[in-house]
Amino acid sequence: MCGRFARRSTEEVLADWFGVELEDMPWFAPSYNVAPKSVQPVVRLNRDSGNREFALLRWGLVPFWARDAKFTYSTINARAEEAATKPAYREALKKRRCLVPANAFYEWQRLDAKKKQPYAIALKSGEPYAFAGLWERWQPKEGVALETFTILTTDPNELMEPIHNRMPAILEPCDYPRWLDPGDPARLPVDLLRPFPAEKMVCWTVSDRVGNVRNNDPQLLERREPSGDHQPQAG
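For reference, each letter of the sequence shown is one residue, going 1 to 235 in our numbering.
There may be inaccurate statements among the hints.
To be verified - Cut-off 27 Å, straight-line C-alpha distance, at most; resulting in silico cross-link-like pairs (DSS-like, lysine-lysine):
| # | residue 1 | residue 2 |
| --- | --- | --- |
| 1 | Lys-124 | Lys-95 |
| 2 | Lys-70 | Lys-124 |
| 3 | Lys-70 | Lys-37 |
| 4 | Lys-70 | Lys-200 |
Stated by the list, open to error - Cβ pair distances, simulated, as ranges:
| # | residue 1 | residue 2 | range |
| --- | --- | --- | --- |
| 5 | Ala-69 | Cys-174 | 47 to 53 Å |
| 6 | Pro-218 | Phe-64 | 34 to 40 Å |
| 7 | Ala-113 | Leu-146 | 21 to 27 Å |
Simulated from the structure, these hints should not be mistaken for laboratory data.
Computed from a predicted structure; not experimentally measured.
All residues carry an ideal CB built from backbone N, CA and C; glycine is no exception.
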């Protein structure tokens, strides 16, 4: 799964990376410990113009048909192989796909029954990247609509396999247009939801401080020696 990630790139960098005009973007700051239920920027197609836009959505998808907004932690991720059939995600997969900008994600490797070692996983190039996401708009009987998103996950690549049995689906920049374009609902771009090439990625051990959502600083991404005799996997 993907339960925490970091986005350190500035708005200027992300505007250029995703092909969006900077002056059209909502304001947001870098975040080094993005947690579920927080409001984060995603890239989607504008409903009227069809152009890419940044929008601020809450992490943890609430389906449009939900009776209330009290959905659980389980909707922060959607398994790629189930998204087309699960009621919570299937309509969003057809019509409301998005990109979730990130520079790294965190995952915890279980060392024993009581201990886990956190890792950060990023691109060797240091460039930003995008998780494949889905978004939804839930309209209460009264008040403002709530827009939310989820991150799709897939099987681990060779780098991730020793750490965890899932990883977020990361898209190549050349695939952004196809993922965002609604296209033919009968031919969904689910083939893009595959493990990202391990040779393009790197991982390193980080501080246990990342486990506390109140910690949100650049030091969270610094390499830290693993606890005990455990040796980190090479990236």
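Right, here's what the structure says about each hint:
no.: 1; hint: Lys-124 x Lys-95; result: violated (32 Å)
no.: 2; hint: Lys-70 x Lys-124; result: violated (38 Å)
no.: 3; hint: Lys-70 x Lys-37; result: holds (11 Å)
no.: 4; hint: Lys-70 x Lys-200; result: violated (38 Å)
no.: 5; hint: Ala-69 x Cys-174: 47 to 53 Å; result: violated (36 Å)
no.: 6; hint: Pro-218 x Phe-64: 34 to 40 Å; result: holds (37 Å)
no.: 7; hint: Ala-113 x Leu-146: 21 to 27 Å; result: violated (38 Å)
The structure does not agree with the numbered hints 1, 2, 4, 5 and 7 stated previously, though it agrees with the rest.
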